[in-house]
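Student: Using the sequences and the hints given, assemble the complete structure.
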Amino acid sequence: GQQVMQIPQYQHVQEGEDFTTYCNSSTTLSNIQWYKQRPGGHPVFLIQLVKSGEVKKQKRLTFQFGEAKKNSSLHITATQTTDVGTYFCAETQYSGAGSYQLTFGKGTKLSVIP
Amino acid sequence: EAGVVQSPRYKIIEKKQPVAFWCNPISGHNTLYWYRQNLGQGPELLIRYENEEAVDDSQLPKDRFSAERLKGVDSTLKIQPAELGDSAVYLCASSNANGRAQGELFFGEGSRLTVL
Chain A
1 GQQVMQIPQY
11 QHVQEGEDFT
21 TYCNSSTTLS
31 NIQWYKQRPG
41 GHPVFLIQLV
51 KSGEVKKQKR
61 LTFQFGEAKK
71 NSSLHITATQ
81 TTDVGTYFCA
91 ETQYSGAGSY
101 QLTFGKGTKL
111 SVIP
Chain B
115 EAGVVQSPRY
125 KIIEKKQPVA
135 FWCNPISGHN
145 TLYWYRQNLG
155 QGPELLIRYE
165 NEEAVDDSQL
175 PKDRFSAERL
185 KGVDSTLKIQ
195 PAELGDSAVY
205 LCASSNANGR
215 AQGELFFGEG
225 SRLTVL
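Going down the list, the protein sequences come from chains A and B. In this text, residue positions in the first sequence follow our numbering: the first is 1, and each later residue adds one. In this text, residue positions in the second sequence follow our numbering: the first is 115, and each later residue adds one.
Don't read these hints as lab results, they were simulated from the structure. Model, not experiment: these values are computed from the prediction. Heads up, a few of these hints could be off.
Claimed, not checked - DSSO-like mimics (lysine-lysine), calculated; alpha carbons at most 30 Å apart, straight line:
id, chain 1, residue 1, chain 2, residue 2
1, A, K106, B, K185
2, A, K36, B, K125
3, A, K70, A, K36
4, A, K56, A, K106
5, A, K70, A, K56
6, B, K192, A, K106
7, A, K106, B, K129
8, A, K106, B, K125
9, A, K36, B, K192
What the hints assert, rightly or not - Some chain A residues flagged as far from chain B (calculated, every beta-carbon gap over 12 Å):
id, residue
10, H12
11, D18
12, K51
13, G53
14, L61
15, K70
16, L102
17, P114
For glycine and all other residues, C-beta sits at the position ideal for the given N, C-alpha and C.
Tutor: The structure is reproduced here in structure tokens:
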């Protein structure tokens, strides 16, 4: 399946700085999900975006879905050391016969310098 | 409520040996996934089950990999024989997507395979 492109691959920030990761697809997405994976851990679901132009917030995290449903972003305000990990977007595409396929990007690895 | 349970957590084998991984999904979740995650990469889907039916196995290397989900609950993923390139973390996930709408995935801790 088509894989979404995530940028940047790595990001090092000073604690308190903001962080943004972007997810881009060449095709229109049914919806998009975001996951966080702590070092040595497993992916944990953060949020799902469905509607064109949708914006959702979770405390310091802001998620956006593009108007054309081809891109998405995750923004963290005032990063903390607990934000360390890899953030994955996962695209959902309808694969026919009532079935959906979820494909993960390569992720953005966030390091926070205390 | 118990999450997705996988075993073993770690496995070290020599190449050409067989290996099997087991997954118990969250109770009531009809959809089960096996993903493979290489170091520094995102999870890659190997196979997806709706109840006991494999509905997407296009990425499963069928010459050496096999999977089953008897009775639509637990699942096993087998590799025989293992190759050096199979070293990765094998993640099991489940959801209550009901085969149509895509819901969130709940992942297990993963089984880390090292092939020597």
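Student: Of all the hints numbered above, which does this structure not satisfy? Sort the numbers upward.
Tutor: Per hint list: 1, 16 violated.
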